[in-house]
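Novice: Each chain is listed here by its residues.
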Amino acid sequence: MTWDYIFVQVANGAVIGIIYALIAVGVTLIFSILKIVNFAHGDLYMLGGYCAYYFIALLGAPPLLAMLLSMATLFALAIVLERLLLTPLYSDATERKDEYGLIITFGLAFFLRNIAVIIFGPYPLKPPSFIPGVQHIGEMTVTNDRLFAGGVGIVLILALLYFMHRTIWGQALDAVSQSRESAAIVGINSRRFNSVAFGIGAALAAAAGALIAPIFSLAPDMGVLPNIHAFVIVILGGMGSVLGSIFAGILLGEAENLFTAFFPDPTRALAYTNAFGLLILMVVLIVRPQGFFGRRHLRME
Amino acid sequence: MLVQGRRHVGSKLAALVGGLVLVSTQFVGAPANAADPIKIGWVGPLSPPGGYAEGVLMKQAAELAADEINAKGGVLGRPIQVIFQDTRGQPEEGTAAAERLISQEHVVAITGEFHSSVFLAEMEVAHNAGIPIIAVDVWALKITAKGYPEVFRVAPNQALIAGKYGEWIAAAGFKNVAFLYEKNDGGQSARDVMLPILDKHGVKYDVVGADPSATEFTAQIERFKSHSPAYDFFMAAYSLAGAYPMMNQSHTLGFAPTAKTGIANSGGPAVDPTFWKNVGEGGKYVVTEVVGLPKNAWNDTTKAFVAAFKKKYNHSPSPQAIENYDAMLLLADAIGRAKSTDGKALIAALEKTDIVLGRGRYTFSTGHTPDWAYHQFMDAPVALIQYDKVNQDAEDAPIIWPRDIADVKYLYLKPGQ
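If you read the sequences in order, they're chains G and P.
For the first sequence, position 165 (counting from the first letter as 1) is numbered 173 according to the working numbering, and the numbering increases by one without interruption.
For the second sequence, position 160 (counting from the first letter as 1) is numbered 164 according to the working numbering, and the numbering increases by one without interruption.
Since the hints were derived computationally from the structure, they do not count as laboratory data.
Treat the hints with care, since some could be wrong.
Taking CB as the label site, the calculated pair distances span [claimed, not checked]:
no.: 1; chain 1: P; residue 1: P83; chain 2: G; residue 2: Y98; range: 47 to 57 angstroms
no.: 2; chain 1: P; residue 1: V394; chain 2: G; residue 2: L92; range: 43 to 53 angstroms
no.: 3; chain 1: P; residue 1: A301; chain 2: G; residue 2: G115; range: 24 to 34 angstroms
no.: 4; chain 1: G; residue 1: D182; chain 2: P; residue 2: K264; range: 50 to 60 angstroms
no.: 5; chain 1: P; residue 1: D400; chain 2: G; residue 2: L66; range: 57 to 67 angstroms
no.: 6; chain 1: P; residue 1: D400; chain 2: G; residue 2: G115; range: 27 to 37 angstroms
no.: 7; chain 1: G; residue 1: V18; chain 2: P; residue 2: R407; range: 42 to 52 angstroms
no.: 8; chain 1: P; residue 1: S232; chain 2: G; residue 2: L92; range: 56 to 66 angstroms
no.: 9; chain 1: P; residue 1: V394; chain 2: G; residue 2: V18; range: 52 to 62 angstroms
no.: 10; chain 1: P; residue 1: Q85; chain 2: G; residue 2: F118; range: 45 to 55 angstroms
no.: 11; chain 1: P; residue 1: T373; chain 2: G; residue 2: I139; range: 55 to 65 angstroms
no.: 12; chain 1: G; residue 1: F114; chain 2: P; residue 2: A39; range: 35 to 45 angstroms
no.: 13; chain 1: G; residue 1: L293; chain 2: P; residue 2: R407; range: 52 to 62 angstroms
Glycine included, every Cβ here is placed at the ideal spot set by N, Cα and C.
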């Protein structure tokens, strides 16, 4: 076992963790504002990857521009979806809002996954690399695409944190997340911020999809595992905590990667990776039921 | 009024009697009208989480076969109609699909499927109903080993495929193999067949199971890479979309294919139309299997099928596609010879199959030794190919095994050789 080996495994884990975090912060944002768990989030991540692919393939856009265009497209699409499907959540006439949110996002996930097979075709697609090539660290190798994905992921997460804490729109979102009625009293249009939150969440998922596409290839079902991971991360970090999602995302990415790299039985390490993530979740929930950064009482109102 | 009333009652009675006659004919089975289609069921994955890329190719081939049969006047003077059911790679969906096909659509036979675990569920339904079912691209041994008279298989099974890999790995001189398989019926079956052969030849190996939905293999590949003594061959049995990132990651991380370590993937994705778009340079030197005739042995049916498929769908057919095409023609042939669509008559006719189609001369074994031989197409072609150029069609890649049909002198081409 060399230091190079440890370093490369930690670096790979960090990159995957950042991608996880990028997806999970969107789920958290949507949960905080709309009070629903978006089970279609992984499928928005898939759509984001495909959008970036077609911006490159059809318009000849450079990969980074394609990622930004994909984020804008998914932002707009998410607002349309939110307006079309989620407005009953804001109506007093809807009795079981939690159940409605659960069913509608599950339905949306299946719809998007299956429509993707029809529109994009069943065969995996791979866009060109952001930066072709690899970096050698001693005997080990890290691809430029992974380093790029990690770097851009960090920039996007920092931009989100800046937006949340340093801009008037971010503070308005925070206000809506704490109390819809109180926010309305001070003149914040909560319906508009529902759309904004759903749009930002989808745009971040789209960025993750575009960043991961040259590494994993695109497939209509690529959002299934990230959906599960995002849900695990959101609970681990504490429902509603953006910082918690970032921390838990990176932790889960690292934990899974290092488990595969160092689990004593090499024949079972890879097969048990996902189970190990769930084991961490169980242990954390036993010790700290509200998650790392969660509050005991989720709903202020 | 009375007369009108009688007439009214009379017309009601006539309608009732007419209705009863109609209903009764439904129950006793009206003679088939010449225009009534003969329904054949098709099962396979057409949407996630199944192997829908392969499923779509198989469906296209079945459609092409049905079109061709119908263009020639159908069978027994009736057209063929294929009823497609998406099983999504889920055994419970397979059961439901087979039940729908048999009880609602009244199909006379079923064909298709890409996942062994799903086919194992479907064949139970067909067995209970006495309806013949032809397995198209499922490799688990127990499918035919169960000995159900209704079950036939046109695909080679793992004994015929993984067995070839095992013998080839030993013959090519590899000594230390990293074996990665997907944890499902297909992958585990490959493992169970291949490892005893490697043992027999004294080849060392380490075995790693992976979730079939996995796409991140970096940590595992780094682990393989740092293993001492170094592995000289990376054998993967991976049939789903994760095969591409796995091969990509293996290539970009410098594990395999390299001058030090060779690579093979068994399961299908390495012969799919988008293989090169996903794997690029990493696909050169990859070894994989082709379950159709090698190009130098193509007959007229194979050539006609490939040309028609390319013309209709604008891409090359996969080996799974030609398996499904042949399965449809086999059923049409059996119905024609049986002169009936009765299940038992069809099974008897299928057992007597002797016809040359796109994958050679078909016969089905009726012996039970070994147990998987029953109703297996024993001469199902299997060849190992190795890509020696980027963007090479599978049909143009050199055949390296078995040696009697190999078209190159070497057993394995090392990168840089």
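Novice: It remains to establish, for every hint, whether it holds in the given structure.
Specialist: How the hints compare with the structure:
Our hint of 47 to 57 angstroms for P83 of chain P and Y98 of chain G holds, since their Cβ atoms are close to 54 angstroms apart. Taking the beta carbon of each, V394 of chain P and L92 of chain G are about 45 angstroms apart, inside 43 to 53 angstroms as hinted. The supplied range of 24 to 34 angstroms is broken by A301 of chain P and G115 of chain G, whose beta-carbon atoms lie about 50 angstroms from each other. The hinted window of 50 to 60 angstroms between D182 of chain G and K264 of chain P holds, with their beta carbons roughly 55 angstroms apart.
Checking the proposed 57 to 67 angstroms range against D400 of chain P and L66 of chain G shows it is violated: the Cβ atoms sit about 29 angstroms from each other. A hinted range of 27 to 37 angstroms for the beta carbons of D400 of chain P and G115 of chain G is inconsistent with their spacing of about 45 angstroms. At about 47 angstroms, the beta-carbon gap between V18 of chain G and R407 of chain P stays in the expected band of 42 to 52 angstroms. Distance hint for S232 of chain P and L92 of chain G: a CB-CB separation of about 58 angstroms, consistent with the stated range 56 to 66 angstroms.
For the pair V394 of chain P and V18 of chain G, the supplied restraint of 52 to 62 angstroms is violated, since their beta-carbon distance comes to about 33 angstroms. In this structure the supplied range 45 to 55 angstroms is violated for Q85 of chain P paired with F118 of chain G, their Cβ-Cβ distance being about 28 angstroms. The supplied range of 55 to 65 angstroms is met by T373 of chain P and I139 of chain G, whose beta-carbon atoms lie about 58 angstroms from each other. A beta carbon spacing of about 43 angstroms between F114 of chain G and A39 of chain P agrees with the range 35 to 45 angstroms that was offered as a hint.
Here the CB-CB span from L293 of chain G to R407 of chain P is close to 58 angstroms, well matched to the stated 52 to 62 angstroms.
In summary, the structure is inconsistent with hints 3, 5, 6, 9, 10 from the numbered list given earlier, while agreeing with the others.
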